[in-house]
Amino acid sequence: MSAAWQFYISTVLVYLGVDVMACWGLNLQFGVAGLVNFAFIIFQAAGAYTAAVLTLGPATKGGFQQYVGGAHWPFPLPILAAGVVGGLLAVLVGSFAIRRLRRDYEAMVMLVVSLIATSIATNQVGLVNGPNGLALVPKPLATMVNLSPLGYQWLFVGITAAICLCVYWLVHIVTSSPLGRTLRAIRDNEQAAAALGKNVTGLRMLAFVLGGVIAGVSGAILVEFISAWSPGSWLYPETFVYFTAVIVGGSGNNLGVMVGALLVPVAFLEATRFVPQFGPPGFIDALQWIIVGVLALVFLWFWPRGVIPERRRRFPPAAQGEARQPLTSTRTGR
Amino acid sequence: MNTLLSAIGFGIVTASILAVAGVGFTLQFGVTNILNLAYGDIMTAAAFVAYLVTSAGLSVWLALVAGAAFGAAFSVLLNRCLYTPFVRRGTRLFGMIIVTIAVSLIVQNGLLAIFGANFFSLKMARPSSVHIAGMVFTTTQLAIIAIAIVAMLLIHLLLRYTKLGKAMRATATDPELARNCGIATDRVIDLAWAISGALCGLAGVILVMNVTAFTDTTGAQFLIPIIAVAVLGGIGQPYGAMLGALVIGIASELAAAIISPDYKNVVAFVILVIVLLARPQGILSEIATRKEVAA
Chain A
1 MSAAWQFYIS TVLVYLGVDV MACWGLNLQF GVAGLVNFAF IIFQAAGAYT AAVLTLGPAT
61 KGGFQQYVGG AHWPFPLPIL AAGVVGGLLA VLVGSFAIRR LRRDYEAMVM LVVSLIATSI
121 ATNQVGLVNG PNGLALVPKP LATMVNLSPL GYQWLFVGIT AAICLCVYWL VHIVTSSPLG
181 RTLRAIRDNE QAAAALGKNV TGLRMLAFVL GGVIAGVSGA ILVEFISAWS PGSWLYPETF
241 VYFTAVIVGG SGNNLGVMVG ALLVPVAFLE ATRFVPQFGP PGFIDALQWI IVGVLALVFL
301 WFWPRGVIPE RRRRFPPAAQ GEARQPLTST RTGR
Chain B
1 MNTLLSAIGF GIVTASILAV AGVGFTLQFG VTNILNLAYG DIMTAAAFVA YLVTSAGLSV
61 WLALVAGAAF GAAFSVLLNR CLYTPFVRRG TRLFGMIIVT IAVSLIVQNG LLAIFGANFF
121 SLKMARPSSV HIAGMVFTTT QLAIIAIAIV AMLLIHLLLR YTKLGKAMRA TATDPELARN
181 CGIATDRVID LAWAISGALC GLAGVILVMN VTAFTDTTGA QFLIPIIAVA VLGGIGQPYG
241 AMLGALVIGI ASELAAAIIS PDYKNVVAFV ILVIVLLARP QGILSEIATR KEVAA
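Residue numbers (my numbering), protein chains in the order written: chain A, 1 to 334; chain B, 1 to 295.
I should point out that these hints are in silico values taken from the structure, not numbers from a laboratory. Hints may contain errors.
[As the list claims (entries may be wrong)] Here are the simulated distance ranges between beta carbons:
1. B:114 x A:301: 20 to 28 Å
2. A:147 x B:118: 40 to 48 Å
3. B:121 x A:9: 41 to 49 Å
4. B:121 x A:312: 50 to 58 Å
[Stated by the list, open to error] Stretch by stretch, here's where chain A covers chain B in the computed footprint (C-beta under 8 Å, at least three residues):
5. 112-119
6. 222-235
[What the hints assert, rightly or not] Chain A is nowhere near these chain B residues, computed Cβ spacing over 12 Å in every case:
7. 7
8. 54
9. 62
10. 65
11. 129
12. 135
13. 150
14. 161
15. 170
16. 175
17. 180
18. 211
19. 270
20. 278
The beta-carbon is built from N, C-alpha and C at its ideal position, and this holds for glycine as well.
Using the sequences and the hints given, assemble the complete structure.
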């Protein structure tokens, strides 16, 4: 394989890792807990900015970029900090957005949060360098390991894969545990779950924060890789790409959304890279967005459960379940 | 003092636009129970219709009518051809939200593909300025205020004094019960989409009459104050939205004058957060609370 292709493929693999992580995070919120988080991208953005300023070092007065809280932290710390910031931002947003409101109300508030976050980051230039964003973020470990640019690419693929595994472990534990079952119960029937004594708001908040942490980490990896980040990379429609990926893949199914991440943000958006450019500037981008929108509509119409649907969980009737001692005993006692 | 007065003047203009947009948004939600996140983009589309009309050399009044007619027709069709079929197919609440935001993206990028990423403005006669009680308005702004007052009066008369208005309020409160009482709820819902769509189109045109330039995202950006207005007024409450529009319009223009124009939307957002924390059902809200319980 030629070096150019290796370079390209390793880049796509890192993007895939980031998108898969983000889709798992969104799936935990939307697919499992039923939180329509239209502000998902701002948690990724917050993570990205955190990781960027923590690797860039303190901002110099009169330097070409201005930001707050610069530091030189060694490699894994900025990524962990990004997760923490993503989680804290989720606590902040959740404190007013996740109330016992109708879900569509919640979605609307999230959309506003996303729009307002973009306008604040753009207008407050001192915060994260305004519309120009941050650039020249040093790559992690680049000065410590002595690798060719290509070797470094593959090292980064390895780092991304390792973090992906950790994230998968986390989402798998949550979704397959009683906690996941409760979250799905809340998603499907909030009143019933509340009537069974589940703390509906608290548990939804938990899913929201976990999703925020994952989004933050995914943003951190992305920014460490591409070494630049600006408000243009996290406009609210970007969230919609992740929603489409989750729906196409199979909302509520971790494996499904992984496939969705492969199909929508990676395969589809990469494929259009090879389409010859035509029309005025921006025309292809506009068409791309239209197609993503249509894709979501088509899937919601024909395959609302996605390519790999969420497993329908059936619980064995009491007669077959030997393990269900208490139930059997009441049956014999009757 | 002078800046404050003129800020209040601007606030009244913004409030007028917000009132038209907010009442349309909240009415649609209240009666049809679909949260239409494509609302802002339909506003932009109507603005582009008005742009085409004025570019053809026709008067801006005709552009207003065309924008409103486009908004009404587009909304009815959108509901008939897309939203209702999805609801009938059993798409759940979150599904519907995704459907409306998909429509929003499609409309927005459709406009971008057709018109390109440029700044546009309506071709109008240069307005002259008028001094009223220490505030300065352009004639365009006075026209906007007048349009909004007339629209709000018409909505008030419709809701209070016509059978249709009564039927709409009944459908908003309890669609099942309304149907059982012999109200043709399907027709009421169609008319609600038409009326709110007309308000949406009208709002889109007066929004761009008031700015020097607009783009394909102008309406989507305006969704922030619209949502703040709707939530402040208690969603589904047209009168609440009128009051909310006045509060948010004036507060955001005052903030723009005192702090910085960048904070216009931030003020709307802060009000939204405070309302969500303190009184999520909105300021005028007997029905909204009941719906929340029922949801």
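Going through the hints against the structure:
Between residue 114 (chain B) and residue 301 (chain A) the Cβ separation comes to about 25 Å, which falls inside the hinted range of 20 to 28 Å. One distance hint, 40 to 48 Å for the beta-carbon pair residue 147 (chain A) and residue 118 (chain B), holds here, with the actual separation near 46 Å. For the pair residue 121 (chain B) and residue 9 (chain A), the beta carbons lie near 47 Å from each other, so the given range of 41 to 49 Å is met. In this structure the supplied range 50 to 58 Å holds for residue 121 (chain B) paired with residue 312 (chain A), their Cβ-Cβ distance being about 55 Å.
Only when three residues or more bring their CB closer than 8 Å to a CB of chain A does the claim for the region 112-119 of chain B stand; here the count is 4, and the claim holds. As drawn, the region 222-235 of chain B meets chain A at 6 residues by the rule of a beta-carbon pair under 8 Å; at three or more, the given contact holds. With a closest Cβ-Cβ approach of about 19 Å to chain A, residue 7 (chain B) is found to remain outside the 12 Å limit, as its non-interface label requires. No Cβ of chain A comes within 12 Å of the Cβ of residue 54 (chain B); the nearest lies about 22 Å off, and the non-interface call holds.
Even its closest Cβ contact with chain A, about 29 Å, leaves residue 62 (chain B) beyond 12 Å, as expected for a residue assigned away from the interface. With a least beta-carbon separation of about 29 Å from chain A, residue 65 (chain B) lies farther than 12 Å from that chain, consistent with its non-interface assignment. For residue 129 (chain B), the condition that its CB be more than 12 Å from all CB atoms of chain A holds, with the nearest at approximately 29 Å. Listed as a non-interface residue, residue 135 (chain B) keeps its Cβ farther than 12 Å from every Cβ of chain A; the least gap is roughly 27 Å.
Non-interface status of residue 150 (chain B) relative to chain A is upheld: no Cβ of that chain comes within 12 Å, the nearest being about 28 Å off. Against the 12 Å criterion, residue 161 (chain B) stays outside the reach of chain A, whose nearest CB is about 30 Å from its own CB. Residue placement check: residue 170 (chain B) keeps its beta carbon more than 12 Å from all beta carbons of chain A (closest about 20 Å). The Cβ of residue 175 (chain B) sits about 15 Å from the closest Cβ of chain A, beyond the 12 Å cut-off, so the non-interface label holds.
The beta carbon of residue 180 (chain B) sits about 24 Å from the closest Cβ of chain A, which is more than 12 Å, so the claim that it is off the interface holds. With a minimum CB-CB distance of about 16 Å to chain A, residue 211 (chain B) clears the 12 Å threshold, and the non-interface call stands. For residue 270 (chain B), the requirement that its beta carbon stay farther than 12 Å from each beta carbon of chain A is not met, with the minimum near 9 Å. Residue-level check failed: residue 278 (chain B) sits 10 Å from the nearest beta carbon of chain A, not beyond 12 Å.
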